[in-house]
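Protein sequences appear in the order of chains A and B. Going by this note's numbering, the first sequence opens with residue 17, and the numbers climb by one from there. Going by this note's numbering, the second sequence opens with residue 3, and the numbers climb by one from there.
Mixed in with the good hints there might be a few duds.
[Said to hold, decoys possible] Below, computed lysine to any residue pairings styled on SDA-like, alpha-carbon distance capped at 20 Å: (1) A/LYS138 to B/GLY58; (2) A/LYS138 to B/THR17; (3) A/LYS138 to B/PHE50; (4) B/LYS103 to B/LEU91; (5) B/LYS103 to B/GLY92; (6) A/LYS138 to B/ASP61; (7) A/LYS138 to B/TRP57; (8) A/LYS138 to B/LEU91; (9) B/LYS103 to B/LEU27; (10) B/LYS103 to B/SER90; (11) A/LYS138 to B/ARG56; (12) A/LYS138 to A/ALA69; (13) A/LYS138 to A/VAL72; (14) A/LYS138 to B/PHE68; (15) B/LYS103 to B/PHE87; (16) A/LYS138 to A/GLY151.
Derived by calculation from the structure, the hints in this document are not laboratory data. Because the structure is a prediction, the values reported are computed rather than measured.
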Amino acid sequence: MTFLFYIAAAVAVVATVLVITRSNLVHALLYLVVSLFAVAVVFYTLGAPFVAALEVIVYAGAIMMLFVFAVMLLNVSADSPLRVPRRAWIGPLLLIAVLFAELVYGIGLSNHALPAREVGPKQVSEALFGPYVLGVELASMLLLAALIGARHVASQPESPGREDVPGSGEQTGGQAGVDAGGQAGVGGEA
Amino acid sequence: MAAVSLNHGLMLAVTLFVIGFVGLLTRRNLIVVLACIEIMLNAAGLAFVVAGARWGRADGQVMFLFVLAMAAAEVAVGLALAIRFRQSLGRLDVDDADGMKG
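Looking at chain B on its own, in the form it has when it is part of the complex (with noise of 0.2 Å):
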């Protein structure tokens, strides 16, 4: 269906990633964080559908399955966390979250 190539593929996979990541570095705040992290999953799962369209077989989009799984699964606690966080906390700064002084 296409004349794509892998690398071009793999190379939009690496982007976004990469682009997910830096947000993850910079971004304070813990609803974008996790964005970021939904990101780089989404990047990571583009990763492995690109790799399963190079050899015409059904496991990449199957392993994107469960990487979608796991980005659902984490989210949901994670929002869970943040709104525990506000609760506690009054704000969504991840630097507000010292208590344990790391």
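Extracted from the complex, chain A is given alone in its bound form (with noise of 0.2 Å):
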């Protein structure tokens, strides 16, 4: 299981880095799940094979459903090319070199070796729900106040004195037809 363990952590590694230099956004949140996929199969070596299968349905299946979703939503295509300038990689590369050698001489200085024992998920379960119950709930309540405020906050503002305004008639007239496009598809799902 070993030799499995570098190999996915060299696929994590190597996709991440092709995450942050690519310049088509598609391209770049695909390398992101090989990621995602990779680190699964690191939690699976690591002897934590219920977190293995959560990164592949929460992370890389339904986070990168999100932010696909989002790429199709807004279009980005559309947009100028997301190239950076090779001079805006120079300064932030040499601070993290010097964080990266830090935290990797700290982390060098112990050496334990993990003992091959696999954490199932019926021992996460009785953790879940024995000490951290109450983090579960707390979690529960974030990720409520998130749907509520992600509601919020992404949908069209209400503006009712727009009408009034002389030229804005087509974008109002725009942005219902959208709204309502919105709700007849929530209705036929529902």
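Need the complex rebuilt from these two chains, each delivered in its own frame; the hints are there to steer you.
Now the structure itself:
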């Protein structure tokens, strides 16, 4: 299993470097999915199969689907290409290299082998609904707040007086059309 | 299940975190910035799981679940903000959002 860890780690690092260097947004997001899959394999080799499954389902499934939907909704390909000037990389890379060297030095001081023991879903569930049950409740409240917040932020702004403004008629009409379409889509799903 | 050493697992977490941080500092597209934050949160969760595997306890995995829930909440609000950003400014370049002269 050890070699699987190192192969998956190499894949994760390479895919993540490609995420931050691609100029095509969709390619970057697909490389991020590859990186998340590789981290899921890393979790499996570390003896954590439950979070490996959750990494695939929640991160690569749900969160990346949100990203891809946002890209489709926003029609990002109409933007200018996402190239970063080469000299914009220099400063951050130098500073981060120092930080990275310090962290690797600090971590390299200790050397413990990980015990070859698998922590399965049963133990995780017992911990989750035993001592950590308050955290689970707080996480549910956080998710509810994020749901309401995202709905509020992303919804079209209420503008009662906008019809009076000359020249904004088409815009309002277009937005109303989008709204009606969205509601029809939701109704159709329900 | 593995004879991976603790510091190799933590070094992988640090490497992923640092890559995400470089991306956060250099890229100017709002969606890529959010993706870099996801990379960093994922690396933090990886560090939790590695530390949990060191002691053979489930606590690291529980913490990863909390990080996961927080990442999901963050990306939902972040992408909603990206939609509003695009509607009000026309592009997704974070440098355009200089209305507060920061």
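So which hints don't hold here, by number, going up? Violated: hints 2, 8.
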